[in-house]
Amino acid sequence: MAVDPMIIKIMSQVFNADINKLTDETTKDDIEEWDSLEHIKLILEIESQFNVKFSLDIIPELVTVKRIDEEVKKLKS
Amino acid sequence: MKVAFLTSFNTDLLKRECSALAEKKFPGKFEFWWHGYGQYNQSVLDSGSGLFTFNPDIVIIHLEIENLVGDAFSDPLLLNVEGRNALINSGKTALINIIEILTSRIPKCRIICENFISRGTPYLGVYDANTGAGNNAVTAGFNSFIAALTKEYAGRFFINDYLTLVSEYGKSNWFDMRMYRLAKQPFSYKYFPALAAHYLDAASLLACPRKKCIITDLDNTLWGGIVGQEGVDNIQLGNPGIGEAYVSFQKVLLNFYRQGVFLAVCSKNNYDDAIEAIEKHPDMILRKEYFSSLKINWLDKARNIKEIANELNIGTDSLVFIDDNPAECELVKQQMPEVEVINLTGDPDNYIAQLLNYKPLQAFALTAEDMKRNAMFRQDIKRREYESGFTDLDDFYRSLGMKGFVSVNSDSHISRAAQLSQKTNQFTLTTRGYSAEVLKELIEKGECRVYTLKLEDKFGDNGIIAVAIVKPDAEKMHIDSFLMSCRVIGRQAENLLMQCILEDAYEMGRRKVTAEFIKTKKNLPAEKFLPDCGFVLNNEGLYQINLPVEKLNHYIELIRD
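Respectively, the protein sequence lines represent chains A and B. Under numbering that gives the first Met the number 0, the first residue of the first sequence carries the number 0, and numbering increases by one thereafter. Under numbering that gives the first Met the number 0, the first residue of the second sequence carries the number 0, and numbering increases by one thereafter.
These are computed hints drawn from the structure, not numbers from a lab. Incorrect hints may have been included.
Below, in silico cross-link-like pairs of lysine-lysine (DSS-like), each with a Cα-Cα straight-line distance of 25 Å or less [as the list claims (entries may be wrong)]:
id	chain 1	residue 1	chain 2	residue 2
1	B	K189	A	K72
2	B	K444	A	K27
3	B	K444	B	K107
4	B	K170	A	K52
5	B	K381	A	K52
6	B	K189	A	K73
7	A	K52	A	K8
8	B	K24	B	K211
9	B	K189	A	K52
10	B	K211	B	K371
11	A	K75	B	K189
12	B	K14	A	K8
13	B	K211	B	K521
14	B	K358	B	K1
15	B	K211	B	K381
16	B	K287	B	K267
17	A	K8	B	K287
18	B	K527	B	K422
19	A	K52	B	K183
If we take Cβ atoms under 10 Å as the criterion, some of the chain B residues that face chain A in the derived model are [stated by the list, open to error]:
id	residue
20	S7
21	D11
22	A182
23	K189
24	F395
Have a look at the derived ranges for each label pair, beta carbon to beta carbon [claimed, not checked]:
id	chain 1	residue 1	chain 2	residue 2	range
25	B	K150	A	K20	34 to 42 Å
26	A	S11	B	D45	52 to 60 Å
27	A	N50	B	N135	45 to 53 Å
28	A	N50	B	K250	33 to 41 Å
Each residue gets a CB set at the ideal place from its N, CA and C atoms; glycine is no exception.
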């Protein structure tokens with residue numbers, strides 16, 4: 000199943016990055032701005048847009064687009 | 000205005016929110032400084048830190064009780080009474096230290112301290128509230144401790160009610176402990192805007208003038224229904240249900256009245272119908288005497304509002320207009336954009352929330368003048384009625400039995416003197432505003448004498464109504480500022496104060512006094528004052544008078560302390 004394009008969109012906004020350079024395969028290592036603080040901002044933004052709440056142990060794992068998508072879908076189902 | 004934050008939590012996420020909100024709500028007004036996480040103590044202790052380079056006008060201290068008292072909070076039963084008290088006292092000492100250092104190193108700065116609320120349910124559960132060792136007791140103790148500090152550091156230390164803010168939203172909403180575990184800041188992302196607004200509203204209370212008057216509609220605002228149609232007996236007021244809620248809303252307005260905010264009525268009604276409800280309805284709280292002005296007629300509201308401002312002698316930008324009718328609100332907004340318009344919606348209980356959420360009507364501290372303002376206004380009305388019975392002004396002045404109390408460098412008058420210097424713009428020679436701290440410093444250094452004049456008459460006490468700041472040098476006295484409240488213009492009180500200054504100068508061996516008049520758009524009432532006292536322009540462009548001179552004051556009994 001394809002990644003929800005909303006995730007890429009939020010990511011481009013949070014990291015101020017070109018949306019065309021972000022793909023389903025993007026990970027933390029591909030984006031220089033993605034430090035621990037930006038990570039929190041990203042997670043909060045995703046939580047508020049999708050109206051979900053990630054558990055504390057999962058948040059540090061959400062460092063790839065795919066993983067975020069997977070977790071959002073799990074919480075939404 | 001420069002605003003620095005001292006916080007026990009990480010603000011990396013929050014500060015963006017504050018800057019964005021400041022630009023939106025108060026464009027160009029505020030500049031912020033934040034320390035790195037965990038640096039609040041170092042920032043204060045190190046005199047070379049960025050905090051002191053920034054040189055803030057306002058410092059907002061937001062520390063969490065959990066951080067201040069450590070184990071006394073997380074493990075209250077581990078410690079015996081002494082051990083616990085030692086931890087609590089070290090938290091208090093830390094706070095006092097911060098205040099002491101800030102007030103001594105940055106004399107101009109004012110401190111806003113957030114009060115305390117714990118983040119979650121006490122670990123001791125129900126036992127907590129039953130023991131002096133519990134989180135409940137410790138938090139309450141800290142809140143009374145800082146409440147006492149507002150007296151000790153009056154004018155410099157204020158409490159911002161974070162406790163109420165969080166209670167309104169509820170702890171389980173407000174706090175998001177995941178955020179604390181991951182980012183060392185405990186607030187839920189959702190409430191960043193509310194917290195940022197809470198900080199900015201507080202800073203703006205210190206940075207912007209307070210609104211002075213609430214102008215209220217009547218029908219469906221102070222009571223339910225339309226009195227002209229339904230009659231006094233049928234309006235909803237006082238009876239259980241919605242009538243009770245209107246009474247509560249009136250009590251909120253009464254609380255503003257007690258804090259020195261003028262109340263006025265602007266309502267489209269037949270005067271007699273409305274006055275009957277105001278004076279006769281058994282459950283009416285705000286009787287006629289509580290209103291400084293009543294405009295009950297069929298004219299357009301903008302016009303009535305302008306008249307109210309004129310009568311009260313206040314700017315239209317200091318008015319707040321409240322009405323349930325959106326069309327009236329829109330009209331006032333369009334015709335008078337400087338007036339703050341609050342369109343009351345929903346139940347009267349919602350009106351209460353709307354009005355109390357509007358912070359510029361509020362004040363961290365009230366002066367004695369604030370508390371007495373409305374009573375004094377009533378005396379003014381009586382005085383004017385009395386004046387109209389006289390044809391000879393001399394007779395009128397003499398019959399008032401005026402007494403003028405003149406003090407020099409009186410500690411208890413300094414904050415009022417500062418307040419008057421900042422807000423007087425009509426009867427003022429130079430329009431120089433001073434803070435209480437600056438005045439105190441000038442007095443301590445012997446660089447100036449601050450004169451204050453309190454005026455009483457047969458109608459009551461007018462309070463401190465005139466201030467002069469006089470700077471002596473070897474050969475003369477120079478009047479740096481001279482100002483008087485517009486409420487007492489035309490009572491000759493200015494002459495009494497000037498006479499005291501001139502007599503003092505003479506007694507202190509000076510043979511001349513100089514003064515300035517700096518013209519502004521608004522200070523016309525003071526333009527002729529210096530020439531009228533006998534001052535003439537000298538070749539340095541200053542007004543000068545040579546001593547000694549004849550008495551200037553003929554009507555007011557002088558009492559000096």
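Check each numbered hint against the structure and report the violated ones by number, ascending.
-> Structure breaks hints 2, 5, 17, 20, 24, 25, 26, 27.
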